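Asker: The task is simple: from the sequences and hints, build the whole structure.
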Amino acid sequence: MFSIGELFDWLTDAENWTGRYGLANLFVEHLTLTLVSLAIAGLLAIPIGVAIGQSGRGETLVIAISSASRAIPTMGLMFALVMFMGVEFRQFAVVLALVGIAIPPVLAGAYAGIKSIPIVIREGARAQGMTTLQQIRHVGLPLSASSIAGGFKIAYLQVVSTVVLAPLVGLGGLGFGVIQGLALRDFAQLTGSAVVIVLLSITGERLLAKAQGKLDRRLTQSKINR
Amino acid sequence: MEWAAKNFDFVLELSVTHLLISLVPLVLGSVLAFALVRLTPLKLAGTIGTTFSAIYAIPSLAVFVALPAVIGTSYLGPTNVVIALSIYVAAAMFFSIRDAFSQVSKPTVFIARAQGLSPLQLFVHVELPLAIPGLIAGLRVAAASTVSMASIGAIVGVRNLGYLFLDGFQRKIPEEILTGLFAIFIIGIALDLGLWALGKVLTPWTRRSAQRV
Amino acid sequence: MTKPIKKSIKSAIALSAVAVLGLAGCAESSSEPLVIGSQAYYSNEIVAEVYAQVLEDAGYSVDRQFALGQRDVYVPALLAGEIDIFPEYTGNLLQYFDPEATATAEEDVYQALQAALPAGLTALALSGASDQDSYNVTSDFAMKNSLTSIGDLAGVTGIRLGGAPELAERPYGPTGLLSSYGVTVEFEATGDTTVESLVAGLIDMANVYSADPRIQQLGLVTLTDPQGLFLSSNLVPIASDAVNQEARDLISAVSSAMTAADLVALNVRSVDEQLSSAVIARDWLLSKGLID
Chain A
2 MFSIGELFDW LTDAENWTGR YGLANLFVEH LTLTLVSLAI AGLLAIPIGV
52 AIGQSGRGET LVIAISSASR AIPTMGLMFA LVMFMGVEFR QFAVVLALVG
102 IAIPPVLAGA YAGIKSIPIV IREGARAQGM TTLQQIRHVG LPLSASSIAG
152 GFKIAYLQVV STVVLAPLVG LGGLGFGVIQ GLALRDFAQL TGSAVVIVLL
202 SITGERLLAK AQGKLDRRLT QSKINR
Chain B
559 MEWAAKNFDF VLELSVTHLL ISLVPLVLGS VLAFALVRLT PLKLAGTIGT
609 TFSAIYAIPS LAVFVALPAV IGTSYLGPTN VVIALSIYVA AAMFFSIRDA
659 FSQVSKPTVF IARAQGLSPL QLFVHVELPL AIPGLIAGLR VAAASTVSMA
709 SIGAIVGVRN LGYLFLDGFQ RKIPEEILTG LFAIFIIGIA LDLGLWALGK
759 VLTPWTRRSA QRV
Chain C
3 MTKPIKKSIK SAIALSAVAV LGLAGCAESS SEPLVIGSQA YYSNEIVAEV
53 YAQVLEDAGY SVDRQFALGQ RDVYVPALLA GEIDIFPEYT GNLLQYFDPE
103 ATATAEEDVY QALQAALPAG LTALALSGAS DQDSYNVTSD FAMKNSLTSI
153 GDLAGVTGIR LGGAPELAER PYGPTGLLSS YGVTVEFEAT GDTTVESLVA
203 GLIDMANVYS ADPRIQQLGL VTLTDPQGLF LSSNLVPIAS DAVNQEARDL
253 ISAVSSAMTA ADLVALNVRS VDEQLSSAVI ARDWLLSKGL ID
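Chains as they are written, first to last, in my numbering: chain A, 2 to 227; chain B, 559 to 771; chain C, 3 to 294.
Everything labelled a hint here was simulated from the structure, so no lab data went into it. None of the values given here were measured: they were computed from a predicted structure. Positions of the beta carbon are idealized from the N, C-alpha and C atoms, including for glycine. Treat the hints with caution; some may be incorrect.
Distance ranges between label pairs, derived from CB positions [what the hints assert, rightly or not]:
(1) Met559(B) with Gly6(A): 53 to 61 Å
(2) Ser660(B) with Asp217(A): 16 to 24 Å
(3) Phe681(B) with Leu44(A): 22 to 30 Å
(4) Ala672(B) with Ala65(A): 37 to 45 Å
(5) Gly83(C) with Asp10(A): 30 to 38 Å
(6) Asn246(C) with Trp754(B): 47 to 55 Å
(7) Leu44(A) with Ser289(C): 55 to 63 Å
Answerer: Here it is as structure tokens:
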């Protein structure tokens, strides 16, 4: 039926790595779609999350959005957006859907990060005469950085696994091998592509977890120094 | 609205399938996760945790497709999707169950033990009730993602609400896709509210103390 | 992973599998319904629905397993005896069982298919309706490059061919185009956005099923295929040994009754009137007097 040997042969065959739908190109497409979406989500969600955490207004909204958004099936969202925006703009439609998935965890991370800063520190910054922007820049953001990284970690995992569906709307990415492998019942291709996707998501997750740990350590150390 | 009205019965039928295909894995996966949390020695907990986070990274579509080849299940029917979703639920619930029980305050457990409760009594009357808020919170997260992930099962021939996405995209009927999105959203919200209510019913003391305040 | 965990995970998976199978088992009725499958293609599903309704009308109980993806996905299930009846297309199915098949004419393909079908599967009566892969271009592109046949593309460079991801590996895909017509194309996996991609100019040539109403609606030009790259592909019901003679006769009758124009008309109703396959199938059967 299918063996590890076949999988190994498929993954080590140079032919499967080159060309328009070779693993190398698909990998780059997958990573690009993921990173672009995460960057846009960060630009939108971090300021909003920080503002909400800082002002304490709109908290219920954040919680409602982040729990409700999990139930929105990304496949349907992607199809609907591609149809409404037109196939010429499928890249934008897919990125929009991905940004939609990435925003809630990043938003929640930024919000929770600010909220977790002890009131003494926040009030202290204010008492020193810092403006709101200064408070955010010198106190809020540095102290919530680890929580924001945690939000990105969750968003990254969700986005990477959703990009797998991009070939359904005519885009590339590593899902191509899964969907073509499914249609052709080529299990070596199917599992080979899945292995690369898993490696991509685990590596990214590890890196973000490491960053989070580093930020955490910096935080505790700076507290001790003070 | 016209499409949804014309196909109301069909959408309802798909919704029932969708709900079942989400509920069965939620139960199976939680039971599996619970067994793993309680029955495995502490030393192995870390290994299981790492395994589960790795499983979470595998795209669901690949699991749906590969299962019949790997474990020899039937190609048809919802079995593959149900098994795959159960594993995802187990992966998510493993962590919530572990945390929910570890958050039960230790002094409470010690006092109960000192009062002479047997391990079973301790579990049923003390640990489990106190872990319920954490368990319910975990289940709510798992339920929402299971409901949306189940729709991908349509690609491997499971006729749930995800079918409306594939068929609507093929026939270019935006309303069919929107109907699917809406129905899944409603199921997600309903499950969430149901679990929330279940949590309230199972922890009457939280309500009482709230009233007292 | 250490051994005990692996074991416990394995047994846990096995346990839940048993539980699920047990649940599924309860749902099955005692009178063994006939399982009718269909592709994840709306037109195929309408035909499957036609078969289902004509059988139900005759008192059979039917289990619909529709939208089962592409051939490579459901044929294993058909071979395993999990499906009893499936609406198929002669040429494509022949090519599936015999990639080297040389027959191209309607009747020859049907004969060759009957010979190529594995034991346990039978092709019932051939329908006059065909729905086969075809290469299409926009009328502008056809005019600009004076195209009527696929071979006319031989001099044109940089042609982008769009279709489902699996087209890349099909015998009539890029390799077949090169060997039969000397046409070089760059393949774009456009999936279910193929026709829109052609209209939007993202691709130059699209693989569209010949009964797709949009070919006429959008004025697409279907390139002729004198070399027989595509096998002629007519609708044909495939039945397993579990289907008795009476049921076979019923399905053969509806298969023969369905004309090429009928099939296009059914597809038009599906995309334009947006009706469900059940309604479209029922109306057609009533109009032909095949059920009452």
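Asker: Can you tell me whether the CB distance of leucine 44(A) to serine 289(C) sits inside 55 to 63 Å?
Answerer: For serine 289(C) against leucine 44(A), whose Cβ atoms are near 58 Å apart, the range 55 to 63 Å holds.
Asker: Does the beta carbon distance between serine 660(B) and aspartate 217(A) stay inside 16 to 24 Å, or does it fall outside?
Answerer: Holds: the Cβ-Cβ distance is about 20 Å, inside 16 to 24 Å.
Asker: May I ask you to test the hint 47 to 55 Å on the CB atoms belonging to asparagine 246(C) and tryptophan 754(B)?
Answerer: 53 Å, holds
Asker: Is the hinted range of 30 to 38 Å satisfied by the C-beta distance from glycine 83(C) to aspartate 10(A)?
Answerer: 32 Å, holds
Asker: Taking 53 to 61 Å as the stated bounds, is the beta-carbon spacing between methionine 559(B) and glycine 6(A) within them?
Answerer: Because 55 Å falls inside the window, the suggested range holds.
Asker: Could you see if the CB distance from phenylalanine 681(B) to leucine 44(A) stays within 22 to 30 Å?
Answerer: 48 Å, violated
Asker: Holds or violated: 37 to 45 Å for the Cβ distance of alanine 672(B) and alanine 65(A)?
Answerer: 43 Å, holds
Hint 3 from the list above is the single one not met by this structure.
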